[in-house]
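Trainee: Position chains E and B relative to chain G; hints supplied.
Chains as they are written, first to last, in the numbering used here: chain G, 1 to 465; chain E, 1 to 465; chain B, 1 to 465.
Keep in mind that the hints were calculated from the coordinates and are not lab data.
Keep in mind that a hint or two might mislead.
Identical copies carry no separate label here, and so any pair may be met within one copy or between two of them.
[Claimed, not checked] In silico DSS-like cross-links for lysine-lysine, where the CA-CA straight-line distance does not exceed 25 angstroms:
id: 1; residue 1: Lys-178; residue 2: Lys-236
id: 2; residue 1: Lys-236; residue 2: Lys-461
id: 3; residue 1: Lys-125; residue 2: Lys-15
id: 4; residue 1: Lys-321; residue 2: Lys-341
id: 5; residue 1: Lys-341; residue 2: Lys-201
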Amino acid sequence: MNEMRFFSPDPAVRKISTELYNLVKDYPILSPHGHVEAQIFAENKPFPDPAQLIIVPDHYVFRMLYSQGIDMLEMGVPTIDGVSTEKDSRKIWQKFADHFYLFAGTPTGLWLDHEFREVFGIEEKLTGSNAMNVYDAIQVCLEQPAYLPRTLFEQFKIEVLSTTNGASDPLSDHQIIKQSGWTGRVIPCFRPDDVTNLNIKNWLAHISRLSEITSTNVHNYKTFIQALEKQRAHFKSLGATSTDHGVNNAYTKELSVEQADQIFQRALQGKGEQGDAERFTAHMLMEMARMSIEDGLVMQLHPGSFRNHNQMVFERFGADKGADMPVRMEFTRNLHALLNKFGNHPAFTLIVFTLDESTYSRELAPLAGHYPAMRIGPSWWFFDSIQGMIYHRQKILETANVYNTVGFIDDTRAYPSIPARHDLSRRVDCDYLANLVARHIIDMEDAERMARALAYDLSKKTYKL
Amino acid sequence: MNEMRFFSPDPAVRKISTELYNLVKDYPILSPHGHVEAQIFAENKPFPDPAQLIIVPDHYVFRMLYSQGIDMLEMGVPTIDGVSTEKDSRKIWQKFADHFYLFAGTPTGLWLDHEFREVFGIEEKLTGSNAMNVYDAIQVCLEQPAYLPRTLFEQFKIEVLSTTNGASDPLSDHQIIKQSGWTGRVIPCFRPDDVTNLNIKNWLAHISRLSEITSTNVHNYKTFIQALEKQRAHFKSLGATSTDHGVNNAYTKELSVEQADQIFQRALQGKGEQGDAERFTAHMLMEMARMSIEDGLVMQLHPGSFRNHNQMVFERFGADKGADMPVRMEFTRNLHALLNKFGNHPAFTLIVFTLDESTYSRELAPLAGHYPAMRIGPSWWFFDSIQGMIYHRQKILETANVYNTVGFIDDTRAYPSIPARHDLSRRVDCDYLANLVARHIIDMEDAERMARALAYDLSKKTYKL
Amino acid sequence: MNEMRFFSPDPAVRKISTELYNLVKDYPILSPHGHVEAQIFAENKPFPDPAQLIIVPDHYVFRMLYSQGIDMLEMGVPTIDGVSTEKDSRKIWQKFADHFYLFAGTPTGLWLDHEFREVFGIEEKLTGSNAMNVYDAIQVCLEQPAYLPRTLFEQFKIEVLSTTNGASDPLSDHQIIKQSGWTGRVIPCFRPDDVTNLNIKNWLAHISRLSEITSTNVHNYKTFIQALEKQRAHFKSLGATSTDHGVNNAYTKELSVEQADQIFQRALQGKGEQGDAERFTAHMLMEMARMSIEDGLVMQLHPGSFRNHNQMVFERFGADKGADMPVRMEFTRNLHALLNKFGNHPAFTLIVFTLDESTYSRELAPLAGHYPAMRIGPSWWFFDSIQGMIYHRQKILETANVYNTVGFIDDTRAYPSIPARHDLSRRVDCDYLANLVARHIIDMEDAERMARALAYDLSKKTYKL
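Extracted from the complex, chain G is given alone in its bound form (with noise of 0.2 angstroms):
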């Protein structure tokens, strides 16, 4: 791990990249959306064991396996169709360790790299002959209190770290966190895809979950948007400051109550027509930004995957698996209704994501450098990575400026990646902005502001936080 990683090899860059790196490398890390379970810090137990902790749950550790012919079940990746899963740990190490060298130079493995050596102390590659003594190493750490989750929260210096939750979620966790007396911030964020798509499997059962957790009889539109309203004010109450939509299409346009509630009433009865569910994701987006001028709940957008591309996969192992899939998408036209209604008020904030890069400078920097209440959100995903990020500020920065974003903020189930995802990010935005510095397009002063404004200041003034 060498201390000029990620920066240009250019000395009179890398000397500026350095003097920028410093300023930002200490700032407390935010991270107001992601994927970590609230029952990890509520329980604090012992993390299992290394592969259970960071093959077993990652999909991206096994997509990229399994894209080269190695089976999930090898993976010990479970199965919800009985199939037998491999249960033995060392094995499924043993073979991650043997096939490492696909992740060479992909994001995965950059995180890796830096987690087992500044996390677990490792200090040699990962190889298939050292497979089980780095097993080992990290199998002693798992086992002190140190590595206990609540520990490594403070030693990672998280300032606040957000969940992902559906709409009928009670929190419990996050109760419990509350109760226990821990100071470490661990906030909801508000999803309600699981209700809001009617598409979605099991959506009645989802439907009734929110009317139990709510008190709510949920029998039409009203009754459903009153309980959302209250869901809201309940996750508001544990710390939540923003709420997520992961929609097919960024489409949005407003129905009358009477269209609205005729298209919810089908859903309950099962007489769904063709275009019900987009026209309803459609309005209910609207209908969310409504809510968050009320409530102040930031809006997150995450359109634009094609969910369990690989239907094998599905049925054998579940959603999340590596098969989610990105399709083009739209803003210009599709944002046009929300923008519209809401997009000039000072009360709002919404946050738009990307899986498709080509609409970064034809659309969202455009959009950005002008609505005072929209945001562009980092590099998502397959993007969280340095080119991705690189590409990011060249199409973006200069039309929208690194102040119409929201700085770096990771997305990850991979609790003890995230330090190194926003060492990584840090690392290659102050080398962007110095090879900006080396070329005279701005200065240092310009310079530092920005790294700032990237690695915190953007997202703890835009999250809330």
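Mentor: Just chains E and B now, with coordinates in the frame of chain G:
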């Protein structure tokens, strides 16, 4: 303002960049497509004050401020709905200076830095603290004869400046300039969107004006064409060498005279049908190409902007207020009809611009690298920027070479920024070529030819200047 | 021809680039997909003259000249409409040399520079003045036995060269080569577009030829499939390891045998309906994947070219004359059916190419980074260029790594340019990797493995050579 600005940090590259830049930096400026008004040269009066010159008319400036929550009323943008707007230019300037950091690294910021320094002799970086000093210094300049529009024209070494004018524009200011004896070459460009786009607001009024100005009773398609031909001749008599077409998309398709007439008649009677406007525009592009071959005017296509995306801004402030947003474009299929009919004709020149960078390598470069009539316009609008230019070269040069582009031309309303824009592009292009030389991809002889082509030769030749 | 050509200017990077390049520069050439004719090896006759070898058959060359107004008739391109074309090879060569500056910085220019120098020993840069000297020098070479096709094959160190052949090709030249005792490995690739695309000109004639060559009366869908299977076996017996499919788009969808037969019957009777061709192609891709699993031929997909865009050129000169234009592509939805049915199968390999660079990071890398059957082809056609390769790596490596690509393969009709193409790609790839090493993103061990993979190992393995 460092002499090495915008060049690569590598000393070996920088040496070549400097050598190439020294070859082209003093070339006269060709500006065959812009939005400066001829009126300022006809009247040749002093510019009112710094805010009215630099901020109020420039939507690049106030859109960025608006995106960060600064009301356009505070920036003095004139309203059309009667709401009162800031009149105190010093207050406007102070607000602008307070937020000048928002422009760091943006093209607007770089142009303004150059303009402050080179045009107005300001040595300091603009801040909230020195705002009034800078204001005063510029004000002193503006009151001197050296800062009259015509004097600046010569000081800027502008060889040709083209304005952009609607189909029914009488071009009185151009006539005044011509008759004044002043030798500055200010020419019009024929942009008939107001009459070829049937959906435009007050289309009938534009047709009436066209009738009047051409002394032609435009009552059917035939007389419409006659009037257009007459106006093209009028434009040509005042120096025009080109036309321009700001269309929603690049769709081209010929109609029969009967079909065109039916659509035109329906429009005259206010009985337009679904699809009429799109089909008529597609046909008129064919017709404009036909006329171009006959009268020799070069045809420009500027497609793909969703105009007036923000309804509130449009209603309060009118058009061209920073709320025009790019949409995805398609050229291969859409230009098929036009290129098949006219693209092989030696007397035809079609210059295509885009706001969708994904079309550069996929569509524009292959098309321009084959059809003799087609040329690619420079990176336009949001993409008239350092990264925008580099990307344009990266995506186009290998397939179409620089010789199928038109080199750099600006596209601005901000008169005193013109030298800054050309200087920036010359620097960026020379540095791009220097990198190719340093990597032994081209030799110095080719680099010099290309540098001259991009800075001057290509626009001179393509626009028939 | 500088030894450091195409490497980064930074001395530290250049040192690593050189080290990596030295590892791979002498590897044999694998060319498993190209358009050189087997006939030249069957006959092994001297090439006629420089113009007939280098200009007349290469649409990369004459399309660029045509784009700048030089008629293809002047370049000696053969016509099919009876109009006479230039026959004097010296005149053609002179014209070409006069405009050779148009190729500066283009891949064609770089390949030609390499070819002139390394294959023909020309030291000077080609210009209008030395045109005839260069012509003479090449002519002298061509008359020597060292320049016979088979001798060059060995001198070029080609390990395998694949031609591309229609479904009904008897492969007589491949048989002649086999029987000749010459050990050069020239193999065919099965490309059945002429019979799977119902819209192709003279489709019925192609079906007749297929009937004849397979001694199968192709009168319905069943016999069509039988004939194809028979021809695949024939291709395989002459060394084929792959098939190729040049489709309009990547749409895949299975039909029932009855549906497929109905469409096929309509086509036989000349009564095709709207949508028949698209549905039949989508189905045949499924069928081809099925056959691939059975016979082991690797399946290649080359979608997204709008063929013969210029009707005038098509009518006068025929197909493949530089007027094929890319269109936007979609893979996530279009490949869903095919990847779901076959993408998890260990015996299946699908190599996907694209002319739409916006799909690299959004669709191809995520898909290939999951499905074990899928690999990404190299940057193709217009993108077989320095910038094209760099962009390909930037957009794909982080998500799919090099190991889900097939490394470099050329795709050319220009036989003597083959070594130039492989040398260029090896240089660009090594420099790309060197930059990663210099930035401490990968270490030297990984860089070496990747360099070998991209230059040789991946195509060897993926194409089963």
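Trainee: If a hint holds in the structure, say so; if it does not, say that too.
Mentor: To see whether the hints hold, each was checked on the structure:
With identical chains, the CA atoms of Lys-178 and Lys-236 are at most 25 angstroms apart within one copy only, with a shortest distance of 13 angstroms there and 69 angstroms across copies. In this assembly of identical chains, Lys-236 and Lys-461 lie within 25 angstroms of each other by CA distance solely inside one copy; the values are 17 angstroms within and 56 angstroms between copies. In this assembly of identical chains, Lys-125 and Lys-15 lie within 25 angstroms of each other by CA distance solely across copies; the values are 24 angstroms between and 27 angstroms within a copy. In this assembly of identical chains, the alpha carbons of Lys-321 and Lys-341 lie at most 25 angstroms apart only when taken from different copies (18 angstroms versus 37 angstroms within one copy).
Taking identical chains as interchangeable, the C-alpha atoms of Lys-341 and Lys-201 lie at most 25 angstroms apart only when they sit on different chains, with a minimum of 22 angstroms there against 31 angstroms within one chain.
Taken one by one, the earlier hints all hold for this structure without exception.
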